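Peer 1: Sequence:
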Amino acid sequence: AVFLSGTGLNVTCINCLLTQFFKPHDKRREKAFLWNYSGMNIGFLIGFTLSGFFEKTADYSNLLFIGAASNILTFIIVLSTWKVLKDKKTFFSFLNIKKRFLFRIFGLLMIGSIITALIWLLRYSSFSNKMILIAGAIMVFVIVFFALKQSTVIAKEKMWAFLILCFMALCFWTLYMTAPMGLILFIENNVNRNVLGFTIQPQWALNINTVIIIIGGPLMAILYNRLRKKGFNITIPIQFTLSLFLIGLGFVLLAVSITFADSKGFISFRWIVFSYILQSIGELCIGPIGYAMIGQLIPHKIQNIMMGTWMMLTGVAAIFANIFTKMAIGVSKSTDPLITNPSFFKTFIILGVSTVIAGIITLCIVPFLHKLIKEKKHPSETSSIPV
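If you read the sequence shown in the working numbering, its first letter stands for residue 405, the second for the next number, and so on.
Hints are computed from structural coordinates only; laboratory data are not their basis.
Keep in mind it's a predicted model, so treat the numbers as computed, not measured.
Even for Gly, the Cβ is constructed at its ideal location relative to N, Cα and C.
Be a bit skeptical, because a hint or two may be false.
Claimed, not checked - Label-pair restraints from in silico Cβ distances: (1) Ala539 x Lys560: 36 to 44 Å; (2) Ile476 x Ile761: 46 to 54 Å; (3) Lys560 x Arg508: 50 to 58 Å; (4) Arg527 x Ser497: 19 to 27 Å; (5) Gly443 x Gly601: 17 to 25 Å; (6) Pro428 x Gly601: 52 to 60 Å; (7) Gln554 x Asp666: 57 to 65 Å; (8) Gly471 x Lys560: 18 to 26 Å; (9) Leu489 x Phe531: 35 to 43 Å; (10) Lys634 x Gly447: 47 to 55 Å; (11) Trp486 x Phe636: 37 to 45 Å; (12) Leu408 x Trp486: 22 to 30 Å; (13) Ile764 x Leu631: 19 to 27 Å.
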């Protein structure tokens, strides 16, 4: 419970911190978030690699000690650089000392309440899943409320665009969240993991994603910068639409791979690599770009709430992913690929094709989203060319 609370606060605060450095239509924000996303995935790469080794030896205590030590080191770094990291020109920074103190007390009480609630909710997963879905539904009405409350038409339309983009992101993250759930089971039991005489641990397959993100984040930032200098107008709706196409095709590819399984039902590991490449590029089009979107579309005073809402989407998506994972596994408890392949094929093809169709639908409403967002041209864009 403490770990989950800390993780939620950490990622949200980092993204809110980055948002403060840029004006709403400053496209350099995307570059910053792409680099930040790449940096975070270096940590994921280290974590996935270590967990693979410790899973093999079942030495989980040392793994936990390493995790604790890394967080203590991070805490020391934060304290030593607090002058740089503290709030500057934010709603909180403009409050008087008394109000700041009250907000800090309220914040500590909220953290304590969250930890207490999580201790109870983790014991009753079925109930907690329902609560997350209810909270997600409530946040839809909260977004609608804030949209109606905005004083200008432009601000209202941007909030409506944010709501539509949230539904697009939910489709993406639902498929993405099947990776640490159903896809890992598929890799463990249905994939020939022997590559060049070396057996790849299922957990290490996630490193394909992290390596692509680490390398692809900076490369995509450079690519976007060059394209915009040449006059191409790379917008948020276009990137979101592309992400749906890519992850949908990644799952269709997995379904196709099953038709090429060997006599024992195993598929080649290269299919997993190709699928992860498509999924990872899709993630780069929506993960960091989604965080950057908050600063562009959301009024300054409610950016923290909407950032939390945006991150909650992954929680809602994880519940849907769990449902689809159970569908993929089916009622059979067998790990024999010849028995489970049909269920995986059905799930992969349904999810993949559905998401591609969702991508086609969103492509049709891209002009409408552009109208709502009212993106300004980049200073170097004299004649923007839609991508």
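Peer 1: Would you mind marking each hint as holding or not holding in the structure?
Peer 2: Hints, verified against the model:
1. Ala539 x Lys560: 36 to 44 Å: 24 Å, violated
2. Ile476 x Ile761: 46 to 54 Å: Given a distance of about 48 Å, which is inside 46 to 54 Å, the answer is holds.
3. Lys560 x Arg508: 50 to 58 Å: At roughly 33 Å between Cβ atoms, Arg508 and Lys560 fall outside 50 to 58 Å, so the hint is violated.
4. Arg527 x Ser497: 19 to 27 Å: 39 Å, violated
5. Gly443 x Gly601: 17 to 25 Å: 34 Å, violated
6. Pro428 x Gly601: 52 to 60 Å: Between Pro428 and Gly601, where Cβ atoms are some 54 Å apart, the hint holds.
7. Gln554 x Asp666: 57 to 65 Å: The hinted range 57 to 65 Å holds for Gln554 and Asp666, with Cβ atoms some 58 Å apart.
8. Gly471 x Lys560: 18 to 26 Å: For Gly471 and Lys560 the Cβ distance comes to about 44 Å; the hint is violated.
9. Leu489 x Phe531: 35 to 43 Å: Check passed, 37 Å falls within 35 to 43 Å.
10. Lys634 x Gly447: 47 to 55 Å: Given range 47 to 55 Å: violated, Cβ gap about 34 Å.
11. Trp486 x Phe636: 37 to 45 Å: 40 Å, holds
12. Leu408 x Trp486: 22 to 30 Å: 25 Å, holds
13. Ile764 x Leu631: 19 to 27 Å: The hinted range 19 to 27 Å holds for Ile764 and Leu631, with Cβ atoms some 23 Å apart.
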